[in-house]
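What follows is each chain in one-letter form.
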Amino acid sequence: MSGQEQNHLILIVARAFASRLATAVFLVDPDGNAIYFNEAAERLLGRPFIEGHGMPAAIWSTQFAPQNERGEPIPLDELPLGIALGRRVPAHRGFEIRGLDGAIRSVAVTAFPLFAHTEEFVGAIAIFWDRAEET
Amino acid sequence: MRYGGNTSCIEVRLADGGLVILDAGTGIRALGLELLREHLSRIDLLLSHLHVDHLEGLGFFPPLWSPHTEMHIWGPSSPIRSLAERVETYFSPPLFPVHLSEMAARVEYHDAPEGEWFLGSARVYSQPILHPGPTVGYRIEADGRTLAYLTDHEPALASDVREAPPTWISGFSIAEGADLLVHDCQYTDEEYPERTGWGHSSLGQVAVLAERAGIGRLLLFHHDPMRTDEQLDEFGDQLSRLWGVDGDRCVVAREGMLIAV
Numbered sequence: 001m002s003g004q005e006q007n008h009l010i011l012i013v014a015r016a017f018a019s020r021l022a023t024a025v026f027l028v029d030p031d032g033n034a035i036y037f038n039e040a041a042e043r044l045l046g047r048p049f050i051e052g053h054g055m056p057a058a059i060w061s062t063q064f065a066p067q068n069e070r071g072e073p074i075p076l077d078e079l080p081l082g083i084a085l086g087r088r089v090p091a092h093r094g095f096e097i098r099g100l101d102g103a104i105r106s107v108a109v110t111a112f113p114l115f116a117h118t119e120e121f122v123g124a125i126a127i128f129w130d131r132a133e134e135t
Numbered sequence: 136m137r138y139g140g141n142t143s144c145i146e147v148r149l150a151d152g153g154l155v156i157l158d159a160g161t162g163i164r165a166l167g168l169e170l171l172r173e174h175l176s177r178i179d180l181l182l183s184h185l186h187v188d189h190l191e192g193l194g195f196f197p198p199l200w201s202p203h204t205e206m207h208i209w210g211p212s213s214p215i216r217s218l219a220e221r222v223e224t225y226f227s228p229p230l231f232p233v234h235l236s237e238m239a240a241r242v243e244y245h246d247a248p249e250g251e252w253f254l255g256s257a258r259v260y261s262q263p264i265l266h267p268g269p270t271v272g273y274r275i276e277a278d279g280r281t282l283a284y285l286t287d288h289e290p291a292l293a294s295d296v297r298e299a300p301p302t303w304i305s306g307f308s309i310a311e312g313a314d315l316l317v318h319d320c321q322y323t324d325e326e327y328p329e330r331t332g333w334g335h336s337s338l339g340q341v342a343v344l345a346e347r348a349g350i351g352r353l354l355l356f357h358h359d360p361m362r363t364d365e366q367l368d369e370f371g372d373q374l375s376r377l378w379g380v381d382g383d384r385c386v387v388a389r390e391g392m393l394i395a396v
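Protein chains in written order, with this note's numbering: chain A, 1 to 135; chain B, 136 to 396.
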């Protein structure tokens with residue numbers, strides 16, 4: 001076979017979809033490693049994708065300091081993307097994050113597990129909404 | 136008419152005599168007549184997808200009417216219906232007078248695995264590729280040579296074929312380093328913007344993919360049925376120029392063409 005480890009077509013299409021969206025999208029592989037986030041997500045997270053590529057879940061779930069309304073850290077298994085990864089069900093939640101640019105932002109996040117035709121779990125996708133943009 | 140008008144079907148002969156057929160367009164009818172003389176006990180048909188131009192010849196494939204034929208049909212999986220159910224949708228009234236189960240041959244269906252598998256002496260690798268509906272590409276390695284089959288493929292819909300990392304380009308791992316790549320080439324670069332999302336490629340996209348994948352030779356396949364022979368001649372010339380190779384490395388597929396991989 002060829003030497004390249006091809007990404008699953010579902011992830012290729014998801015990345016293409018995300019790359020054309022103005023809404024922030026974060027894409028992870030089945031192990032939770034960040035395999036793509038788009039420009040809108042770069043703005044929210046304060047970190048360019050080229051630096052964040054490959055971040056494991058243990059990093060992205062803590063580096064941006066997600067916290068609830070009482071200011072308490074939210075563990076990975078309670079974050080929408082953590083739920084989509086671990087329990088493989090959709091999840092939605094509002095919380096605050098601190099971008100690497102230092103800005104604290106209130107976001108609403110919806111995450112879905114991604115299954116291919118064979119019901120193979122190929123990763124998960126999270127869509128972020130910056131609540132400051134709500135009118 | 137020098138290039139012919141049948142729809143997609145390629146006969147692949149392995150050095151050990153094994154037979155693999157790629158797709159069952161109308162070209163499979165004439166192939167079936169020849170195969171009757173060989174009395175093959177097993178035929179493996181690899182379907183890229185189930186659009187009608189890749190399936191419509193199957194009902195007219197004479198070995199299917201022989202009780203001595205053991206036919207294995209491989210194709211893309213679907214989350215909704217089995218491969219057998221989807222193929223049999225076409226082979227049932229009112230679209231076809233006879234149900235596939237009424238044919239004499241013993242037919243077995245297999246979802247093409249995502250990854251590596253074996254057919255006799257050939258190592259086969261299949262992966263989903265970008266085209267509307269479940270579609271796979273095939274890579275066949277045998278006797279130290281590699282054939283890649285990516286018909287009905289639109290890598291540019293999800294990637295910048297020139298700039299994207301190879302792992303993010305649909306079909307790249309199937310094509311990479313192949314001695315012969317059979318690839319969709321339906322549109323000119325001028326036509327493509329009006330047909331984006333239809334599941335096919337333009338000349339320029341194929342040239343870039345061929346170059347980046349480092350293939351040996353390219354066989355332009357799945358012509359738009361409205362093309363004239365002269366237009367297809369020009370396709371070959373233009374793609375050679377875009378790819379920057381001699382014309383003998385970039386050939387336009389025509390009916391009955393024989394290629395030693």
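If you are wondering where the hints come from, they were derived from the structure by calculation, not from laboratory data. For every residue, glycine included, the Cβ atom is placed at its ideal position computed from N, Cα and C. It cannot be assumed that every hint is accurate.
Restraint ranges, calculated between C-beta atoms of paired labels, are given here [said to hold, decoys possible]:
hint : chain 1 : residue 1 : chain 2 : residue 2 : range
1    : B       : THR224    : A       : ALA132    : 44 to 54 angstroms
2    : A       : THR23     : B       : PRO328    : 21 to 31 angstroms
3    : B       : ASP278    : A       : THR23     : 42 to 52 angstroms
4    : A       : GLY46     : B       : LEU149    : 32 to 42 angstroms
5    : A       : ALA58     : B       : GLY250    : 26 to 36 angstroms
6    : B       : GLU369    : A       : PHE121    : 32 to 42 angstroms
7    : A       : GLU78     : B       : GLU251    : 47 to 57 angstroms
Over the 10 angstroms line for every Cβ pair with chain B, so calculated as not near, a few chain A residues [said to hold, decoys possible]:
hint : residue
8    : GLY99
9    : PHE115
10   : TRP129
* Say whether it holds or is violated: TRP129/A keeps its Cβ farther than 10 angstroms from all Cβ of chain B. => TRP129/A is indeed farther than 10 angstroms from all Cβ atoms of chain B, at 24 angstroms.
* To do: Could you check the hint for me, namely that GLU78/A and GLU251/B are 47 to 57 angstroms apart, CB to CB?
  => violated, 39 angstroms
* To do: Evaluate the given range 42 to 52 angstroms for the C-beta pair formed by ASP278/B and THR23/A.
  => Since ASP278/B and THR23/A have Cβ atoms about 50 angstroms apart, the given range 42 to 52 angstroms holds.
* To do: Given the range 26 to 36 angstroms, decide if the beta-carbon distance of ALA58/A to GLY250/B lies inside it.
  => Holds, since ALA58/A and GLY250/B (Cβ atoms, about 29 angstroms apart) stay within the stated range.
* Using the C-beta atoms of THR23/A and PRO328/B, is the stated range 21 to 31 angstroms upheld? -> holds, 25 angstroms
* Cβ distance range 32 to 42 angstroms for GLU369/B and PHE121/A, holds or violated -> With Cβ atoms ~46 angstroms apart, the hint is violated.
* 44 to 54 angstroms as the expected CB spacing between ALA132/A and THR224/B, which holds or is violated -> holds, 51 angstroms
* Asked: Does the Cβ-Cβ separation between GLY46/A and LEU149/B fall within 32 to 42 angstroms?
  -> violated, 56 angstroms
* With d taken as the least Cβ-Cβ distance between PHE115/A and chain B, does d exceed 10 angstroms? -> violated, 8 angstroms
* To do: Test the statement that GLY99/A is away from the interface with chain B: the closest C-beta pair must be farther apart than 10 angstroms.
  => For GLY99/A, whose nearest Cβ neighbour in chain B is about 26 angstroms away, the distance exceeds 10 angstroms, so it holds.
The structure shown violates the earlier hints numbered 4, 6, 7 and 9.
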